[in-house]
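Take the sequences, apply the hints, and build the full model.
Here is what each chain is made of, one letter per residue.
2 protein chains.
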Amino acid sequence: MLLCDIGNTSYHFLDEENDFKEDVLTFNPQTIKEKVYYISVNKNLENILQSLENWIDLSAFIDKEKYYKTMGIDRVLAVEAVDNGIIIDAGSAVTVDVVKEGKFAGGFIYPGMAAMQKTYKDISPALDYSFNFELNLDKMPKNSQDAISYGYLKTLYCEVMSHKMPVILTGGDAAVFAKIFKEATVDERLIFTGMKKILQKADIC
Amino acid sequence: MLLCDIGNTSYHFLDEENDFKEDVLTFNPQTIKEKVYYISVNKNLENILQSLENWIDLSAFIDKEKYYKTMGIDRVLAVEAVDNGIIIDAGSAVTVDVVKEGKFAGGFIYPGMAAMQKTYKDISPALDYSFNFELNLDKMPKNSQDAISYGYLKTLYCEVMSHKMPVILTGGDAAVFAKIFKEATVDERLIFTGMKKILQKADIC
Chain A
30 MLLCDIGNTS
40 YHFLDEENDF
50 KEDVLTFNPQ
60 TIKEKVYYIS
70 VNKNLENILQ
80 SLENWIDLSA
90 FIDKEKYYKT
100 MGIDRVLAVE
110 AVDNGIIIDA
120 GSAVTVDVVK
130 EGKFAGGFIY
140 PGMAAMQKTY
150 KDISPALDYS
160 FNFELNLDKM
170 PKNSQDAISY
180 GYLKTLYCEV
190 MSHKMPVILT
200 GGDAAVFAKI
210 FKEATVDERL
220 IFTGMKKILQ
230 KADIC
Chain B
30 MLLCDIGNTS
40 YHFLDEENDF
50 KEDVLTFNPQ
60 TIKEKVYYIS
70 VNKNLENILQ
80 SLENWIDLSA
90 FIDKEKYYKT
100 MGIDRVLAVE
110 AVDNGIIIDA
120 GSAVTVDVVK
130 EGKFAGGFIY
140 PGMAAMQKTY
150 KDISPALDYS
160 FNFELNLDKM
170 PKNSQDAISY
180 GYLKTLYCEV
190 MSHKMPVILT
200 GGDAAVFAKI
210 FKEATVDERL
220 IFTGMKKILQ
230 KADIC
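The listed protein sequences correspond, in order, to chains A and B.
Numbering-wise (the numbering used here), the first sequence opens with residue 30 and increments by one.
Numbering-wise (the numbering used here), the second sequence opens with residue 30 and increments by one.
Fair warning: there could be bad hints in the mix.
Note: identical chains are not told apart, hence a pair may lie in one copy or across any two.
Unchecked claim - Below, simulated DMTMM-like cross-link-like pairs (lysine to aspartate or glutamate); rule was C-alpha separation at most 20 Å, straight line:
id, residue 1, residue 2
1, K225, D48
2, K132, D167
3, K168, E130
4, K72, D151
5, K193, E212
6, K211, D167
Quick caveat, the hints were computed from the structure, so don't treat them as lab data.
Treat the numbers as computed from the prediction; the structure is a model and nothing was measured.
See the structure below:
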């Protein structure tokens with residue numbers, strides 16, 4: 030049995046204890062013969078995955094009443110994994126979700142690192158810098174690179190920390206964001222934990 | 030005598046008590062015969078403006094030691110206008126600058142409304158919404174429009190308010206941002222106030 034979290038760029042698999050990624054553009058899901066429980070935010074793969082008998086969409090087992098209609102299934106599974114805390118999933122978007130006593134208490138969406146860097150560059154070539162994750166958050170910046178880094182990171186940090194809850198970091202950029210969110214627990218397999226919980230609840234395995 | 034603040038899209042003039050705007054693409058600065066004291070962040074206009082005797086660049090009269098080298102001249106003039114406070118200049122970028130006892134104490138740069146809306150749309154067509162400025166900042170969102178509005182606005186609000194200083198709003202989107210920053214003073218002529226102060230200091234008028 031495999032678990033798989035499918036995004037817009039990659040398939041992220043968990044096989045017992047090992048996780049690995051495959052590129053959405055080159056990987057053929059038909060090559061896998063064992064059972065795969067998956068979630069996917071990738072609309073382009075909807076038809077092919079639904080046609081494969083051994084690929085089972087876990088979203089069917091979610092109690093959708095607990096969430097809002099257009100909420101991404103990856104966010105839902107991350108929330109399912111947590112009892113109390115604020116989850117930051119740092120990928121192409123940064124989603125921030127609050128869970129209180131096992132219940133989804135709302136969340137927001139912030140641009141991912143690459144998207145935001147492009148935003149600054151598009152506003153002005155003078156703002157074409159990479160973000161400084163070594164930034165001192167307690168000091169107002171006096172140079173351009175720190176001025177955009179602070180604009181991107183300190184604003185997010187301020188809001189997240191204002192909830193005074195344990196912070197859990199996941200997603201492809203979790204390790205980089207951990208430089209700013211020093212108090213956070215990094216759990217790159219959070220969504221898989223959520224998937225396992227759903228499987229257990231549904232009595233599948 | 031005219032004052033003029035030149036951005037990437039428009040000339041913003043102040044003639045005694047009336048202010049008016051002209052489009053950068055269609056306006057010819059040679060049509061003005063009286064003296065114009067200006068600042069400009071528009072590199073394309075540098076040559077034409079410097080060739081006109083009655084257009085006087087006020088940036089020459091600024092004590093540049095007080096600022097950092099790549100800081101936009103519009104930010105500098107806004108800071109010159111204030112003694113104590115945090116200035117939000119909401120335009121194509123949102124610049125946030127802190128002034129303590131007349132001294133620049135650092136600042137940061139955040140994307141403007143249009144740029145940020147495009148960022149969300151580019152991340153996913155599912156995030157193609159305009160921002161909701163009627164948003165309740167005390168409640169974590171449970172729908173997509175509020176999730177991006179909160180991501181854009183609450184994070185900024187949280188960081189700005191953490192300074193516990195008077196907030197002054199200026200720039201083309203000042204009135205819209207005032208819906209979120211309810212405590213702020215809106216002063217759309219802040220940069221002109223800074224320009225007048227510089228003229229007085231330099232004993233020009």
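Tested hints:
In this assembly of identical chains, the alpha carbons of K225 and D48 lie at most 20 Å apart only when taken from the same copy (14 Å versus 63 Å across copies). Taking the shortest alpha-carbon separations for K132 and D167, only the inter-copy value of 18 Å comes in at or below 20 Å, while the best intra-copy value is 33 Å. In this assembly of identical chains, the alpha carbons of K168 and E130 lie at most 20 Å apart only when taken from different copies (17 Å versus 35 Å within one copy). When the C-alpha separation of K72 and D151 is checked against a cutoff of 20 Å, the pair qualifies only between copies, where the shortest distance is 16 Å, while the shortest distance within a copy is 28 Å.
Only within a single protomer do K193 and E212 lie at most 20 Å apart by alpha-carbon distance; the minimum there is 11 Å, versus 25 Å between protomers. In this homomeric assembly, K211 and D167 come within 20 Å of each other (Cα to Cα) only inside a single copy, at 14 Å, whereas the closest approach across copies is 25 Å.
Going through the hint list in order, the structure satisfies each hint without exception.
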